[in-house]
Amino acid sequence: MGRMLLTLAALLVASAASAEVKPFTADSVNAVQQQWDGEPYLMVLWSIDCPPCHKELETLGALLKDNPDLAVTLVSTDQDMPEAQVMETLARYKIEAADNWRFADPVPARLRQAIDPSWYGELPRSYFVSANGERKGHSGLLSEDAIRGWLQND
Amino acid sequence: MEILNLRLMRVAVMAAAAGLASGGVYAHGDKHGAHNDKNGGHHGAAAPAGPCADPTALPSLNCAKSPTPAFGRDGRLWITWYSRGHIYIQHSDDNGATFSAPQAVNSIPEPVDDQGEDRPQVALGPRNEIYLLWTRKLDKPYTGHIRFSRSLDGGRSFSAPINVNDDKDVIAHRFPTFRVNDRGEIFVVWVDKRDLEAAKAANKEYAGAALYYGVSTDNGATFQTSRKLSDNSCECCRIAMELDEQGLPVILYRQVFDGGVRDHAVITFSDLTTNSAPQRVSDDQWKLDGCPHHGPALAASGDRQHLAWFTAGENRQGLFYAHSSKDGFSKPMAFGGPGAERPMIEALGDRVVLTWKAFADDRTRTFMQVSDNGGDSWSAAKEVINTEGASDHPLLVNDGDKIYLSWQTAEEGYRLTPLPESTAEVAANASTKDTENHHEHKESL
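Keeping their order, the protein sequence lines are chains A and B.
This note's numbering numbers the first residue of the first sequence as 1 and each following residue consecutively.
This note's numbering numbers the first residue of the second sequence as 1 and each following residue consecutively.
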C-alpha cells in the first residue's frame with residue numbers, strides 16, 4: 001500500500017514535469033534510494049544501443065501498464081546520445097512517465113563505481129533492492145516472471 | 001563514450017555551477033571540473049563552449065572520440081579519426097609529437113560508428129599503401145555497412161569508399177577490423193546479422209550474430225564474396241585479428257556458445273579462404289542475455305598467440321591473459337584487479353605488453369605489465385598515465401621496434417607514450433615511482 005501511494009505520488013510528479021529524465025550523477029544512487037523511502041524497488045540500467053534492453057523496456061512497459069504501482073527506476077546510460085532519442089525510446093515503450101534518469105558524468109566508470117564496483121557496464125543490468133536496502137544485481141535480460149516473482153515476494 | 005559531448009556537458013556543468021549563463025572557454029588542465037560534476041548542474045543544457053564544441057572550428061585530432069593509429073613499414077605513424085561525417089587521416093614522422101594537417105578521406109559525408117568498440121581504423125600495405133576501414137551507420141538502429149577506402153599515392157588522394165560486405169541489406173554489418181600482410185593481401189572481418197535475419201524470417205531461433213570475412217588480393221580495388229566464419233558471434237563486441245607467421249589471419253572473438261554463454265574462440269587459416277572451426281579458448285561460463293560491449297585483444301609473435309580478454313563469468317571474473325602453446329592454450333592468468341577494463345596486448349618477438357584502464361581515486365588510469373619471455377612471466381603492474389575526465393580505450397601500437405600506448409583523453413588530447421622495453425626497465429622505473437606515489441599505486445591495484 002505504501003508503495004502504491006509512493007508510486008502514485010512519483011507518477012504525479014513525473015507527469016507534472018512532463019516526462020522528466022533526471023541527470024544521474026555519483027550522488028544519484030543515494031537519491032534514488034531515498035526517493036523510494038524504504039520501499040523495495042527495481043533499478044534497471046539500459047541503453048539505446050543494446051538490443052536486449054529494448055526487449056526489457058517493452059516488458060517493463062507492459063508490466064507498468066498492468067501494475068501501475070510497480071516501483072521501478074530506469075537509468076539510461078546513453079549520455080552520448082541526443083536526449084530526444086532517449087525520450088523517443090521511452091515513449092515507444094510507454095515508460096516516459098516512470099522514474100527516469102540518464103547518465104551525466106564525463107567518466108561513466110565513476111558512475112559504475114558508485115552504483116556497483118562489480119558491474120562492468122554490460123547491459124541490461126538490474127538491481128532488485130529490498131526494503132532494507134539489500135541489492136541483488138542481475139546482468140542480462142530480465143524475464144517477466146523474474147520481475148513478477150520479485151514483486152510477489154516483496 | 002562520446003568525449004566531445006561529454007566534454008561539452010562537463011563544461012556546461014562547470015558553467016552552471018559557477019552561475020554563468022553560458023560556458024566560457026574550455027580550460028585545459030582544469031583540476032576541479034570532474035569533482036564539481038558530482039554536484040549536479042542541469043543536464044542537457046550544454047552551451048557551446050571550448051574549441052571542441054565550436055561547430056565552425058576546424059576538425060582536430062584532439063577533439064576526436066576514438067583516434068586509431070598504425071605504423072607503416074617505413075616507420076611513419078598514421079592516425080585516423082571521425083568528425084561530422086568525415087573520416088580524417090594524418091601522419092607523424094616524430095612518433096606523434098607533431099602531425100601533418102588532417103585530410104578528409106570521404107568527400108561525401110556519411111554517419112560513422114565512432115566509439116571504442118567500433119572505430120575507424122587504418123592499416124598500411126607493404127609499399128605503404130594506406131587502407132581505411134569503418135562502419136557507415138544506416139537509417140535503422142544497429143545497422144551498417146563496412147566501408148573501405150585506399151590511397152596508393154601516399155595519402156594525396158583517396159578512393160571513393162566501397163562496401164566490403166557483399167549484400168546491400170539494411171542490417172548490421174558492424175565492428176570490423178582488418179590487417180594487411182607482407183604480400184599485400186587485405187583481410188577484413190566483421191559482425192554480420194544476415195543469418196539472424198534469415199532465421200527470424202523463417203521463425204527460427206538464432207543467438208547473437210555471425211562472423212563474416214572478406215579478402216582483397218588486388219590492393220583493395222575489390223573484395224571477394226563475403227564468407228561466413230562462424231554463426232552465433234556476440235553482436236556487440238569488437239573482434240581482434242592478427243597475422244600468423246604465414247601472413248594469414250588469426251581471429252579472436254566472443255562467441256555465443258550453447259545456453260547463451262559468451263566466451264571466446266579463435267579461428268585460424270590454412271590459406272586465404274580456408275579457415276579452422278572456432279576453437280574455444282576460455283571456459284569462463286559467462287551466461288548473459290545482454291551486451292558486454294567488451295571485446296578481446298590479440299597479439300601474434302613467432303608461433304605464439306597472446307590473448308587478453310574480459311569476462312564476468314561463473315568461472316572467472318575480470319581480465320585474463322593466455323597464450324597458445326603446443327598443448328593448446330596456457331591457463332588463464334588474471335591481471336588488472338577489480339575495476340580493470342579494456343585490455344589490449346601487443347607483442348614484438350619475446351616482448352609482450354598488456355595494458356588496461358581502471359578508475360581509481362577519482363581518475364581514470366592506464367596500467368601495463370611487461371613480459372620479456374613471450375608471456376611466460378610478467379613484471380608487476382605499473383601505472384602509465386592517467387586523466388581526470390573522459391577517455392577512450394587505451395590502445396597499443398608498435399613501430400617494429402618499440403611498443404607505444406595510444407590514448408585519447410578529453411583533458412589532454414591525444415597522447416602516444418613509449419613503453420618500457422623490459423621487465424628490468426619496468427622495475428627500475430617502479431622503484432622511483434613507488435617512493436613518489438606509493439599510496440596511489442597501492443590504492444589503484
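Simulated from the structure, these hints should not be mistaken for laboratory data.
Don't take each hint at face value.
[To be verified] Lysine-lysine pairs mimicking DSS-like chemistry, simulated, CA-CA at most 30 Å apart: (1) K228/B <-> K55/A; (2) K136/A <-> K55/A; (3) K55/A <-> K331/B; (4) K287/B <-> K140/B; (5) K140/B <-> K204/B; (6) K168/B <-> K228/B; (7) K137/B <-> K228/B; (8) K140/B <-> K55/A; (9) K55/A <-> K402/B; (10) K94/A <-> K200/B; (11) K331/B <-> K287/B; (12) K402/B <-> K326/B; (13) K22/A <-> K55/A; (14) K22/A <-> K65/A; (15) K94/A <-> K204/B; (16) K287/B <-> K55/A; (17) K136/A <-> K94/A; (18) K228/B <-> K326/B; (19) K94/A <-> K140/B; (20) K331/B <-> K402/B; (21) K228/B <-> K204/B; (22) K200/B <-> K65/A; (23) K55/A <-> K326/B; (24) K140/B <-> K22/A; (25) K55/A <-> K204/B; (26) K55/A <-> K65/A; (27) K287/B <-> K137/B; (28) K168/B <-> K200/B; (29) K94/A <-> K137/B; (30) K140/B <-> K168/B; (31) K65/A <-> K94/A; (32) K168/B <-> K137/B; (33) K65/A <-> K326/B; (34) K22/A <-> K137/B; (35) K136/A <-> K287/B; (36) K200/B <-> K137/B; (37) K168/B <-> K204/B; (38) K137/B <-> K204/B; (39) K200/B <-> K228/B.
The hints, checked one at a time:
1. Pair hint K228/B plus K55/A holds up; C-alpha atoms about 27 Å apart against a cutoff of 30 Å.
2. The hinted pair formed by K136/A and K55/A meets the criterion: a straight-line CA distance of about 21 Å does not exceed 30 Å.
3. For the hint pairing K55/A with K331/B, the CA-to-CA distance comes to about 37 Å; that exceeds 30 Å, so the pair is violated.
4. Using a Cα cut-off of 30 Å, the hinted pair K287/B and K140/B holds, with the two alpha carbons roughly 28 Å apart.
5. Our distance criterion of 30 Å between C-alpha atoms is met by K140/B and K204/B, whose separation comes to about 22 Å.
6. The hinted pair formed by K168/B and K228/B meets the criterion: a straight-line CA distance of about 16 Å does not exceed 30 Å.
7. For the hint linking K137/B to K228/B, the alpha-carbon distance of about 22 Å falls within 30 Å, and the restraint holds.
8. Between K140/B and K55/A the alpha-carbon distance is near 17 Å, which keeps this suggested pair within the 30 Å criterion.
9. Restraint check for K55/A and K402/B: not satisfied, since their Cα atoms lie roughly 47 Å apart, outside the 30 Å limit.
10. A distance of roughly 25 Å separates the Cα atoms of K94/A and K200/B; the hinted pair therefore holds under the 30 Å criterion.
11. In summary, the hint linking K331/B to K287/B is supported, as the alpha carbons are separated by about 21 Å, within the 30 Å threshold.
12. At most 30 Å may separate the alpha-carbon atoms for a hinted pair to count; K402/B and K326/B meet this at roughly 28 Å.
13. Proximity of K22/A to K55/A is assessed by CA-CA distance (about 23 Å); at most 30 Å being required, the pair is judged to hold.
14. At roughly 22 Å between alpha-carbon atoms, K22/A and K65/A fall within 30 Å of each other, so this suggested pair holds.
15. Distance hint between K94/A and K204/B is fulfilled; the C-alpha atoms sit about 28 Å from each other, no more than 30 Å.
16. With a C-alpha separation of about 18 Å, the suggested pair K287/B and K55/A falls inside the 30 Å cut-off, and the hint holds.
17. This hinted pair checks out: K136/A and K94/A have alpha carbons roughly 26 Å apart, not beyond 30 Å.
18. For the hint linking K228/B to K326/B, the alpha-carbon distance of about 28 Å falls within 30 Å, and the restraint holds.
19. With a C-alpha separation of about 20 Å, the suggested pairing of K94/A with K140/B holds against the 30 Å cut-off.
20. At roughly 28 Å between alpha-carbon atoms, K331/B and K402/B fall within 30 Å of each other, so this suggested pair holds.
21. Under the criterion of a C-alpha separation no larger than 30 Å, the hint pairing K228/B with K204/B is consistent with the structure, at around 19 Å.
22. A C-alpha spacing of about 28 Å is found between K200/B and K65/A, which places the hinted pair at or below 30 Å, so the restraint holds.
23. Distance check on the hinted pair: K55/A and K326/B sit about 44 Å apart at the alpha-carbon level, beyond 30 Å; violated.
24. For a cut-off of 30 Å, the pair hint linking K140/B to K22/A stands: about 27 Å separates their Cα positions.
25. Among the hinted pairs, K55/A with K204/B is consistent with the structure: their alpha-carbon atoms are about 18 Å apart, no more than 30 Å.
26. Between the alpha carbons of K55/A and K65/A the distance comes to roughly 15 Å, so the proposed pair stays at or under 30 Å and holds.
27. With a C-alpha separation of about 29 Å, the suggested pair K287/B and K137/B falls inside the 30 Å cut-off, and the hint holds.
28. This hinted pair checks out: K168/B and K200/B have alpha carbons roughly 18 Å apart, not beyond 30 Å.
29. At most 30 Å may separate the alpha-carbon atoms for a hinted pair to count; K94/A and K137/B meet this at roughly 27 Å.
30. Of the supplied pair hints, the one linking K140/B and K168/B holds, its CA atoms being roughly 14 Å apart against a limit of 30 Å.
31. Simply put, K65/A and K94/A have alpha-carbon atoms about 8 Å apart, close enough for the 30 Å limit, and the pair holds.
32. A distance of roughly 13 Å separates the Cα atoms of K168/B and K137/B; the hinted pair therefore holds under the 30 Å criterion.
33. Taking the CA atoms of K65/A and K326/B, the gap is about 59 Å. The hint is violated against a cut of 30 Å.
34. At roughly 29 Å between alpha-carbon atoms, K22/A and K137/B fall within 30 Å of each other, so this suggested pair holds.
35. Restraint check for K136/A and K287/B: satisfied, since their Cα atoms lie roughly 17 Å apart, inside the 30 Å limit.
36. The suggested pairing of K200/B with K137/B holds, with an alpha-carbon distance near 22 Å, which does not exceed 30 Å.
37. Our distance criterion of 30 Å between C-alpha atoms is met by K168/B and K204/B, whose separation comes to about 23 Å.
38. Distance hint between K137/B and K204/B is fulfilled; the C-alpha atoms sit about 27 Å from each other, no more than 30 Å.
39. At roughly 18 Å between alpha-carbon atoms, K200/B and K228/B fall within 30 Å of each other, so this suggested pair holds.
Hint compliance for this structure: hints 3, 9, 23 and 33 are not met, and every other hint is.
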